[in-house]
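Novice: Residue-level listing of the chains:
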Amino acid sequence: MPGFLLNRFSQSIVLLVIVSIIGFTVLNFMPGGPLAQFGLDPGMTQKDIERLAEQLGLNRPLWIQYFDWAWRLVQGDWGHSFRDGTPVLAVIGRHLFATLLLMGTSTALAIAIGSWIGIRGATHRYSLFDYCATIGAMVALSVPTFWFGLVGIYIFTLKLGWVPAGNMYTIGDGSVPDYLHHLILPSLVLSLVHVAVWSRYMRTATLDALSQDFVKTARAKGLSERRILLKHVVGNALLPMITLAGVQLPSILTGALVTETIFTWPGMGRLFLDSLGYSDYPMVMGLLIFSAILVVLGNLVADILVALVDPRIRLS
Amino acid sequence: MTEAYFDSSYSRRNALRLMVAGAAGLAAPGLLGTPAFAQKAPAKPSGRIVVGLGQEPTVFNPLMVHIEVDDGVHFSVFDALFRIDPKGEIQPNLAVEVPNQKNGGISEDGLKWHLRLRDDVRWHDGKPFTAEDVKFTLELITNPDFRSWRTAGHALVRDITVISPTEISWRMEQVFAPYLSFLTETFIVPKHILEKEANPNNAAFNQAPVGTGAFKWGQRVAGDHLELVANSEYFGEGPHIEKLIFKYIPDLTVLYTQFKSGDVDLMGQPYITADHYEEAKALANRVVTLVPKASFESFYLNLERPQFRELAVREALYAAIDKESIIQGLYYGVPTPTETFMPRQAIYYNPNLPAHAYNLDRARQILDQAGWMPGRDGIRAKSGVRLSFASSTTSGDPLREQVQQFLQQTFSQLGVEMKISNLPAAVMWGEFWQQSQFDSVIVGSTYLIGADPDVTNRLHSRSIRTKGGRGSNNAQYSNLEVDALLDQGVRSFDPDARRTIYRRVQELVRRDLPFLPLYQINAVQGNKKGISGVAPNVNTRTESWNALAWSWAS
Amino acid sequence: MTDIAAHLPPIRWWHSRGVRRFMRHHLALLGFAMIALLVLACVLGPYALPYDSLHIDMRARFAPPLSGHHYFGTDPLGRDLAVRLLMAGRVSLLVGFSAMLLSTLIGTLVGVTAGYRGGWIGAALMRTVDGFLSFPSIFLVLALAATLRPSPMMITVIIAVTSWMEVARIVEAEVRSLREREFVQAARMVGLSGRHIMLREILPNATGPIIVAASLTVARAILLEAYISFLGYGIQPPLPSWGNLLNGAQQYLASAPWLAIIPGAAITIAVTSFNFIGDGLRDALDVRDDHI
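Protein chains in written order, with our numbering: chain S, 1 to 316; chain V, 1 to 554; chain Y, 1 to 292.
Hints were generated in silico from the structure; no laboratory data involved.
Here the structure is a predicted model, which is why all the values come from computation and not from measurement.
Some hints here could point you the wrong way.
Result set (BS3-like, lysine-lysine): computed pairs, CA atoms no more than 25 Å apart in a straight line [claimed, not checked]:
{"no.": "1", "chain 1": "S", "residue 1": "Lys47", "chain 2": "V", "residue 2": "Lys127"}
{"no.": "2", "chain 1": "V", "residue 1": "Lys243", "chain 2": "V", "residue 2": "Lys467"}
{"no.": "3", "chain 1": "V", "residue 1": "Lys135", "chain 2": "V", "residue 2": "Lys112"}
{"no.": "4", "chain 1": "V", "residue 1": "Lys281", "chain 2": "V", "residue 2": "Lys528"}
{"no.": "5", "chain 1": "V", "residue 1": "Lys127", "chain 2": "V", "residue 2": "Lys260"}
{"no.": "6", "chain 1": "V", "residue 1": "Lys243", "chain 2": "V", "residue 2": "Lys529"}
{"no.": "7", "chain 1": "S", "residue 1": "Lys47", "chain 2": "V", "residue 2": "Lys323"}
{"no.": "8", "chain 1": "V", "residue 1": "Lys281", "chain 2": "V", "residue 2": "Lys323"}
{"no.": "9", "chain 1": "V", "residue 1": "Lys112", "chain 2": "V", "residue 2": "Lys127"}
{"no.": "10", "chain 1": "V", "residue 1": "Lys467", "chain 2": "S", "residue 2": "Lys159"}
{"no.": "11", "chain 1": "V", "residue 1": "Lys260", "chain 2": "V", "residue 2": "Lys467"}
{"no.": "12", "chain 1": "S", "residue 1": "Lys159", "chain 2": "V", "residue 2": "Lys281"}
Chain S regions said to be covered by chain V (calculated; three or more residues, Cβ under 8 Å) [as the list claims (entries may be wrong)]:
{"no.": "13", "region": "2-10"}
{"no.": "14", "region": "68-76"}
{"no.": "15", "region": "105-115"}
{"no.": "16", "region": "134-146"}
{"no.": "17", "region": "166-172"}
{"no.": "18", "region": "287-301"}
Don't be surprised by glycine CBs; every beta carbon is placed ideally from N, CA and C.
Could you put the whole structure together from the sequences, leaning on the hints where they help?
Specialist: Laid out in structure tokens, this is it:
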């Protein structure tokens, strides 16, 4: 086990280094850069812009900038935002809750709805419900999330007036019902794609389990279908579910970025877009690394859990 | 309807008063800190006003590089030595009076400045404000390690001397009249807090500022909103409200929806979008007005491109722009057509510039006469130069993109080919803009700092970067007479003399057309009817410049 | 957004041959038919409609669908939405196809090299693949799009550069398993060069999975283009694309909802069709999707 851990850990580190190099190269590829936004400021002269470039260290060779940044990161210093001088990690911390809330809610929704559809589809195989679910899943995987969000706003906010058009809470309110009210539409929109994934997954897993010998035995023993489903099928499917959740992290993050833009959700996705707009390199790099770490950790934890439960995987 | 406010038959000042009154729904509040405005304020500030913003304020140290939207916070938390009122007149704020050559605050040769300061001002932490703070502020700005915003003007200051806690003087390296205006945007920061910081760029102060202003720092939920609370010890007028909240809503449609639903009390930058203007005007219990801004939109040309070198081409293109359709159609009648970079509200505005007329036939005639003849492909050309160019603007700006496509069609009827080549903002305003790598650009820009008419940075031939200059004359406009006038203008403190100078500058620029002026931008500003004291100020970049005067009608 | 499809766990269709399989092919056929129809409409349609996609008519702004000959209404400049939608389809489909070709090419090259060579070259290549996969591709796409001059060519390249990894993974796994098979061993013994073995012997045997992955990549590329253009970083006007038709539509959501709904529906139809095709192909080619 320690060997396995060490191996996976070192792989993760290599991965992060690669991610950071890709990110850094891409960012610095751009003409313009962080000072471009001041090109229109009436009072800032060329001298001011040159001075700022010097102060921000932008006129050093790229590889020095990279190693400087990376060395500080290793020491735990994520740098300061170009925009306001705040430590990057502090800014991420301030936006983390909103994103986790949105991601958590929609993942929970996706698992709940998806599992129900999947299990029902498997137990009623080839029924109308099953076909609709299968085709529905394919369509759901094909709808652009941002467009789905727009249509959602059009119907539920503009036409019906049921839910607010955006934001996480009303200023001065911020009670739990208020949060929930704001959470409904964005989390449903974000969960759409994942409902599709989970339903397809659960359907297969259930079918798989239903064909196993122990289920046949259970049936023979006269256990009710419901109990068999809950105990054997769901129980059996749990382990791979963990892996699936880990693998899905990047796509949930992507979805969150899209959803946050449409619903003006104060999370990391919008922070990323804003930072990109201001060419706030330390912020953008910080977010890239942070999300990569999140994804790597997600996969690592999933791997370890699976390895703990299933010794065969450890060996391979 | 803007014309009603600014019809030339009104005197400019009357017009302004009308506008201010119209926007506030009440008599305009008076000037800051002057006894004239010692009106009966409610004993205790009460209520809360939520200002909706499309960009997030993040820079709270007012001396650091920041963007427009941060200004609203700075004006509320800090004070400058002077403030500028809606009429463009400079009023004392932390200083007791505005220095000029008559009262001796500025020496006859314009080089020595001497200021007297208020003695009744305290920082939010209770420490008294003194001349030391002013000295510290001016020195911090030019500190080479400090990431300061503007150093122009400040870089000329020498020998700052604190004479007493309420008296300070300095010498200017050269005469620079606009400095007074610059000081209206230079907020004073506390020495006793910042001097302890090893690195002022990362100081804790920058995220929890302490000022002298009418509002104290409350709390901030990053990515969402920030809250300021009333400073009941404020030395001047106000504040009348207990809490001032800046709410960040990046999507303009959502921002407007929240204004409509009442979650947002007052619309801040970038205000109500033009397409919602008609609807917004009809909203119950809302005051929605067109408020002129100092920026103007132009079709900005790179004069070094062979296509644009000839004045005839620029004149023809200008005549081919159907401003009326653009303004009435695409912008719903919101902006006001203009012929110059100077806002109409400025005393330096030249009202006698020749008016633009849309006339395709005339445009054709001009080009024919100048020898630009249609080639085999239908595009005009002259001595091997095809009349074809690219138009750029920030990508993802639907309205500007519509303008481009509209112009593209009109120009093509003229035998002129315009290609659209838009760039992301971060690329657009970098080298591409600063090093004049563009053919033409559609841009909204502000030429004035505060209300000072100096435009050396934009129009002086010394400001052309590609020719070794240090400014942002990116059109590469060069006119010796304009140069001489601009040099003369910064050295004069006399408003009348300066008016003559800058009116002539506008005349020359209108004649030479280094850019084709489209319109002066009007903001569709809105607030709930119950709020009084809202006074638009074309001389500042923010609607929240006087939040201290805002109050809820009881 | 659809990359999740690629992370699907093994779905064992052999449990459900027969009816199940038939239906899949039915859907795949439907997908093919829809794509063929779309392509045909985009190629020929603009000639059949009485408007030019760039013709501005300020008097006909915001005409709702079915007003006169404007079957899908008009946009803020009074241009006919139907003809613009079809012209946009040309651009979006072309970008989708080209991005697919390019990313398949990159992915195959990397995959074959990594799988056949193995060793540290293989490891390094596959870690790079992991690196690209482990942050949300949208971050990378946006960072790239925000920094480069947005032309259709550039957008295609950006999409390809960020979506070749899955193909690489599939091909690498396939090649690694083929490498030890008899026919490859035989080829090696005969003394054929590495390149020859890779191109002639191994690649043809990996075609199935590559084709399946490619069809899913088209779907993904169309979605990505739409999203970048929606944010304003993608295809620039006046050239229409399905994504940039949506750019700005949010602003008119209340007053002219068709501007948002119609292009979005077009995207959904196209992407769904490609996903149907991919799924059908997976069955038809009997591709194990353990590592898709």
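Novice: A separate judgement is required for each hint: does it hold in the structure or not?
Specialist: Hints, one by one, checked against the model:
Of the pairs offered as hints, the one joining lysine 47 of chain S and lysine 127 of chain V is violated, with about 35 Å between alpha carbons and a cut-off of 25 Å exceeded. Pair hint lysine 243 of chain V plus lysine 467 of chain V does not hold up; C-alpha atoms about 51 Å apart against a cutoff of 25 Å. For the given pair, lysine 135 of chain V sits about 15 Å from lysine 112 of chain V by alpha-carbon distance, which is consistent with the 25 Å threshold. Restraint check: the Cα-Cα separation between lysine 281 of chain V and lysine 528 of chain V comes to about 12 Å, which is no more than 25 Å; the hinted pair holds.
For the suggested pair lysine 127 of chain V and lysine 260 of chain V, the alpha carbons sit about 42 Å apart, so the restraint of at most 25 Å is broken. For the hint linking lysine 243 of chain V to lysine 529 of chain V, the alpha-carbon distance of about 18 Å falls within 25 Å, and the restraint holds. Restraint check for lysine 47 of chain S and lysine 323 of chain V: not satisfied, since their Cα atoms lie roughly 36 Å apart, outside the 25 Å limit. Of the supplied pair hints, the one linking lysine 281 of chain V and lysine 323 of chain V holds, its CA atoms being roughly 24 Å apart against a limit of 25 Å.
The straight-line distance between the Cα atoms of lysine 112 of chain V and lysine 127 of chain V is roughly 29 Å, outside the 25 Å bound, and the hint therefore fails. Distance hint between lysine 467 of chain V and lysine 159 of chain S is unfulfilled; the C-alpha atoms sit about 57 Å from each other, more than 25 Å. A distance of roughly 51 Å separates the Cα atoms of lysine 260 of chain V and lysine 467 of chain V; the hinted pair therefore is violated under the 25 Å criterion. For the suggested pair lysine 159 of chain S and lysine 281 of chain V, the alpha carbons sit about 21 Å apart, so the restraint of at most 25 Å is met.
Under the rule that three or more residues need a Cβ within less than 8 Å of chain V, the assignment of the region 2-10 of chain S is violated, with 0 such residues. Residues of the region 68-76 of chain S with a Cβ under 8 Å from some Cβ of chain V number 0, which does not satisfy the need for three, so the listed coverage is violated. Coverage of a stretch by a chain is defined here by at least three residues with a beta carbon nearer than 8 Å to that chain's beta carbons; for the region 105-115 of chain S and chain V the count is 0, and the condition is violated. Counting residues of the region 134-146 of chain S whose beta carbon lies closer than 8 Å to any beta carbon of chain V gives 0, which falls below the threshold of three, so the coverage claim is violated.
For the region 166-172 of chain S, the stated coverage by chain V is satisfied: 6 residues place a CB nearer than 8 Å to a CB of that chain, which reaches the threshold of 3. For the region 287-301 of chain S, the assignment as covered by chain V is violated, since 0 residues bring a beta-carbon within under 8 Å of that chain's beta-carbons and 3 are needed.
Hints 1, 2, 5, 7, 9, 10, 11, 13, 14, 15, 16, 18 from the earlier list are contradicted by this structure; the remaining hints agree with it.
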